[in-house]
Amino acid sequence: MDLILVNLIDGLVTGLLLFMLSAGLTLIFSMMGVLNFAHASFYMLGAYFAYQISLALGFWMGLLIAPLIVGVLGAGVERYGLRRVHQYGHVPELIFTFGLALLIEELVQFIWGKNQMPYDVPDILNFTAFAISGNSIPAYKIFMIFISVGIFIGLLLILTRTRVGMIIQAALSYPRTVEALGHNVPLIFMGVFGVGTALAGVAGVIAGPVLGTFPGMAFVLGSIVFVTIVIGGLGSLWGALVASLLIGWITTFAKSYNVEMETILNTIGLSTPENLDENIFRDFWALTSPQIADIIPYILMVLILIFRPQGLFGKRDS
Amino acid sequence: MSDPYQDTKGAEPKKQITTRQVPASERMGAGSFIMTIAPWVVASAILMFLPVVFTNNSALTIMNQMSITIIFALAYNMLLGQGGMLSFGHAVYAGVGGFACMHIMNMSDFFASFPLPLLPIFGGLFGMGLAMIVGAFSTRSAGTVFAMISLGVGELIAACSVIIVAFFGGEEGVSGNRTYAQPFFGVEFLQQIEVYYLTAAWVIISAVLMYLWSRTPVGRMANAVRDNPERAEFLGYSARWVRFYSFVASGFFAGVSGALFAINYEILTEENLNTTSSGIILLVTFLGGVGFFFGPIIGAVAFTLLQTVLSLQTELWAFYAGVLFVATVMFFPGGLAGLIMMHVPAFKLGKARLLIVPYLKTFVPGLIGVFGLAALVEMTFHVRHSAQGDNDITVYWTTFDTHSALPWILFGAMALIGLGLVRATAGSLREAWNSANTAGGAA
Chain A
1 MDLILVNLID
11 GLVTGLLLFM
21 LSAGLTLIFS
31 MMGVLNFAHA
41 SFYMLGAYFA
51 YQISLALGFW
61 MGLLIAPLIV
71 GVLGAGVERY
81 GLRRVHQYGH
91 VPELIFTFGL
101 ALLIEELVQF
111 IWGKNQMPYD
121 VPDILNFTAF
131 AISGNSIPAY
141 KIFMIFISVG
151 IFIGLLLILT
161 RTRVGMIIQA
171 ALSYPRTVEA
181 LGHNVPLIFM
191 GVFGVGTALA
201 GVAGVIAGPV
211 LGTFPGMAFV
221 LGSIVFVTIV
231 IGGLGSLWGA
241 LVASLLIGWI
251 TTFAKSYNVE
261 METILNTIGL
271 STPENLDENI
281 FRDFWALTSP
291 QIADIIPYIL
301 MVLILIFRPQ
311 GLFGKRDS
Chain F
319 MSDPYQDTKG
329 AEPKKQITTR
339 QVPASERMGA
349 GSFIMTIAPW
359 VVASAILMFL
369 PVVFTNNSAL
379 TIMNQMSITI
389 IFALAYNMLL
399 GQGGMLSFGH
409 AVYAGVGGFA
419 CMHIMNMSDF
429 FASFPLPLLP
439 IFGGLFGMGL
449 AMIVGAFSTR
459 SAGTVFAMIS
469 LGVGELIAAC
479 SVIIVAFFGG
489 EEGVSGNRTY
499 AQPFFGVEFL
509 QQIEVYYLTA
519 AWVIISAVLM
529 YLWSRTPVGR
539 MANAVRDNPE
549 RAEFLGYSAR
559 WVRFYSFVAS
569 GFFAGVSGAL
579 FAINYEILTE
589 ENLNTTSSGI
599 ILLVTFLGGV
609 GFFFGPIIGA
619 VAFTLLQTVL
629 SLQTELWAFY
639 AGVLFVATVM
649 FFPGGLAGLI
659 MMHVPAFKLG
669 KARLLIVPYL
679 KTFVPGLIGV
689 FGLAALVEMT
699 FHVRHSAQGD
709 NDITVYWTTF
719 DTHSALPWIL
729 FGAMALIGLG
739 LVRATAGSLR
749 EAWNSANTAG
759 GAA
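Residue numbers (this note's numbering), protein chains in the order written: chain A, 1 to 318; chain F, 319 to 761.
Just to be clear, a hint being listed does not mean it is correct.
[What the hints assert, rightly or not] What follows is a set of in silico ranges between Cβ atoms, one per label pair, in the way DEER data are often shown: (1) 522(F) / 267(A): 50 to 56 angstroms; (2) 267(A) / 451(F): 39 to 45 angstroms; (3) 554(F) / 308(A): 28 to 34 angstroms; (4) 5(A) / 425(F): 48 to 54 angstroms.
[What the hints assert, rightly or not] If you want the ones that stay clear, here's a sample from chain F, every Cβ over 10 angstroms from chain A, calculated: (5) 459; (6) 473; (7) 507; (8) 554; (9) 637; (10) 657; (11) 659; (12) 674; (13) 686; (14) 703.
The set of hints was computed from the structure by calculation and includes no laboratory data.
Just so you know, even glycine gets a beta-carbon here, dropped at the ideal spot from N, CA and C.
Could you put the whole structure together from the sequences, leaning on the hints where they help?
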């Protein structure tokens with residue numbers, strides 16, 4: 001029971017972190033109709049910038065400044081890159097962001113090298129908040145939960161309750177009408193892209209100390225973010241939240257309980273072959289859930305795309 | 319024998335530019351046997367004679383790598399360029415084909431009576447089989463859903479390579495020995511040059527087959543489905559099945575390239591399947607130009623050279639490749655092939671030579687500027703990452719101290735002057751370009 005609680009908290013942290021990335025990506029997707037492949041790269045930039053700033057000004061200034069820089073960079077990418085490529089169509093746009101992701105990874109290696117950066121949890125949060133039957137929960141995890149939930153509520157309020165949010169939402173669906181009403185739609189797009197990447201930056205700042213700040217960090221999360229928003233339904237903020245939490249919990253539970261494929265297959269009525277060592281399916285029978293924890297989301301995604309291509313909460317078809 | 323139509327059309331109809339609508343087929347030289355066959359004959363001749371020029375083994379390895387990439391990139395372009403399907407996991411079809419061939423190589427009894435040159439067919443069949451399974455559900459639409467499924471399947475199979483050790487060999491991969499095959503007309507494929515000719519033969523075969531495929535009704539309909547699936551449906555074609563056939567054919571040729579990889583390197587690992595390889599083939603294809611059949615060939619040659627030659631010169635080759643790729647997407651979405659084809663109108667008008675001098679005036683300083691920039695980049699990297707006290711760097715065959723000011727000033731000036739001259743001459747180049755592409759006027 002206690003272990004379940006610990007896993008619930010761990011999964012919540014993973015899920016909310018994933019949500020912060022996918023929220024920005026969802027915003028950008030619903031705006032431009034293009035999946036930003038470089039999104040996780042902005043997350044990585046957030047972590048690296050925050051590390052560099054924290055050396056001079058401390059963690060909290062990093063949390064404040066790094067996302068701003070990332071957001072401005074993102075807006076610049078939209079203004080001088082994506083907007084230019086847009087005229088060639090959607091596929092080149094997708095390829096552009098893909099190339100950008102490669103380039104950012106190379107740039108980060110160029111500036112900071114290939115090793116992991118010593119970017120640590122700030123001292124003020126470096127203690128055990130509480131313990132559940134011997135499993136200690138660090139305060140930093142609680143901090144991560146609060147930040148993520150705060151961002152989700154803030155985003156939801158801005159989008160649904162304010163005038164700015166109204167204009168953004170209208171610009172997503174009816175850009176021409178909004179433009180006719182006197183709003184600068186390209187500027188709105190640029191702003192939303194900036195905010196989306198800044199969100200990724202925030203995720204990077206707070207994930208950097210726990211998940212490690214190294215040049216491969218974007219690659220690790222890069223495709224799982226897509227999986228999240230595809231499962232949740234492209235363009236749906238609630239879908240992104242549900243899918244992030246789902247993935248967070250599934251992977252955490254799969255990793256902490258060692259369920260063997262043999263047990264599952266035996267339960268559903270299949271008997272273990274007699275000489276397993278010579279069977280060509282021996283690897284399949286020997287599978288354990290921690291082994292496949294990281295690919296469960298991909299299986300889930302492929303299944304969802306087959307049976308419900310618009311995702312769990314999606315309204316539009318691709 | 320005189321042409322009966324000659325007189326009715328007037329004298330020398332080919333040499334003057336008229337307003338007569340020339341059918342596309344005639345413009346392309348369709349129906350002319352020589353026009354169709356010539357590129358292939360030339361390509362085969364080049365492939366035959368390349369080893370005479372470049373004799374050492376490392377050059378042969380580079381050329382083998384090039385050939386394998388060419389087949390893979392052509393197969394990829396069958397999806398992306400002709401069918402409009404953006405795949406982020408195409409390496410798995412090549413990889414699975416290659417792994418299957420590796421296992422055939424390791425079945426000693428069967429392999430001993432098997433001629434090696436036929437192995438790529440098996441690789442292709444395995445790639446095709448996987449493509450049929452995946453294609454059954456992924457080809458319903460070409461857009462984002464297809465891209466995402468390809469990514470998911472790619473990640474899944476790449477992850478399987480660590481889990482399903484019996485087939486993928488886990489971390490260390492699967493290795494085999496090609497020489498255990500039955501000798502093929504006395505050739506045992508002990509030497510690199512023999513493998514080269516095997517690969518070269520398969521490049522020509524696959525390229526011809528893929529070209530012919532693009533001329534079949536399915537290949538043509540793939541273009542129609544790419545451009546407007548709804549209209550293609552109205553014409554009575556199932557967009558889904560057309561995509562499926564393209565996907566399966568592409569899987570076949572990807573499998574062929576995987577098999578050739580297995581023959582050439584005699585080892586396959588997770589690297590042959592993962593998303594990085596899938597990304598690289600996208601890069602290669604796009605760099606070459608997706609709108610043209612021969613684009614991926616140029617892309618594969620250019621990229622392999624970049625990878626092998628440049629990576630010997632600098633650690634930062636991937637960085638330059640990234641810059642090149644992003645610049646291509648932003649400024650030349652047609653890729654290298656697009657750049658070449660841009661010049662066809664000027665050649666047809668007989669004004670291409672007008673461009674030579676403006677080109678030299680702009681591109682020579684441009685090249686100097688780029689070299690200056692690259693040197694600055696190399697020096698910055700060296701200053702940041704070299705060991706303490708190691709101040710010397712060798713750029714462009716000269717060795718100097720990165721901590722002294724002179725080289726910085728020198729290369730900075732090189733970059734500034736070079737790029738400045740590009741800016742200054744760009745206007746006249748544009749004028750020359752416009753006049754070269756306009757009919758009439760002084761040629």
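Each hint, compared with the structure:
1. The hinted range of 50 to 56 angstroms is satisfied by residue 522(F) and residue 267(A), whose Cβ atoms lie roughly 55 angstroms apart.
2. A hinted range of 39 to 45 angstroms is violated for the C-beta pair residue 267(A) and residue 451(F), which are about 27 angstroms apart.
3. In this structure the hint that residue 554(F) and residue 308(A) lie 28 to 34 angstroms apart at CB holds, the actual value being about 29 angstroms.
4. Hint check: residue 5(A) to residue 425(F), Cβ distance near 53 angstroms, so the stated range 48 to 54 angstroms holds.
5. At roughly 6 angstroms, the least C-beta separation between residue 459(F) and chain A is not larger than 10 angstroms, which violates its mark as non-interface.
6. With 10 angstroms as the threshold on Cβ separation, the claim that residue 473(F) sits away from chain A is violated: the shortest Cβ distance comes to roughly 5 angstroms.
7. A cut-off of 10 angstroms between C-beta atoms confirms that residue 507(F) is not in contact with chain A; the least separation is 29 angstroms.
8. Every C-beta of chain A lies more than 10 angstroms from that of residue 554(F), the closest at about 23 angstroms, which supports listing it as non-interface.
9. Its beta-carbon lying about 4 angstroms from the closest one in chain A, residue 637(F) breaks the requirement of being farther than 10 angstroms from that chain.
10. With a least CB separation of 15 angstroms from chain A, residue 657(F) remains clear of the 10 angstroms interface cut-off, as annotated.
11. Chain A leaves residue 659(F) outside its interface by the beta-carbon criterion, the shortest separation being 16 angstroms against a cut-off of 10 angstroms.
12. Look at residue 674(F): its CB is around 29 angstroms from the nearest CB on chain A, clear of 10 angstroms, so calling it non-interface holds up.
13. Residue-level check passed: residue 686(F) sits 23 angstroms from the nearest beta carbon of chain A, beyond 10 angstroms.
14. Against chain A, the non-interface label of residue 703(F) is violated: not every CB pair exceeds 10 angstroms, the least being about 6 angstroms.
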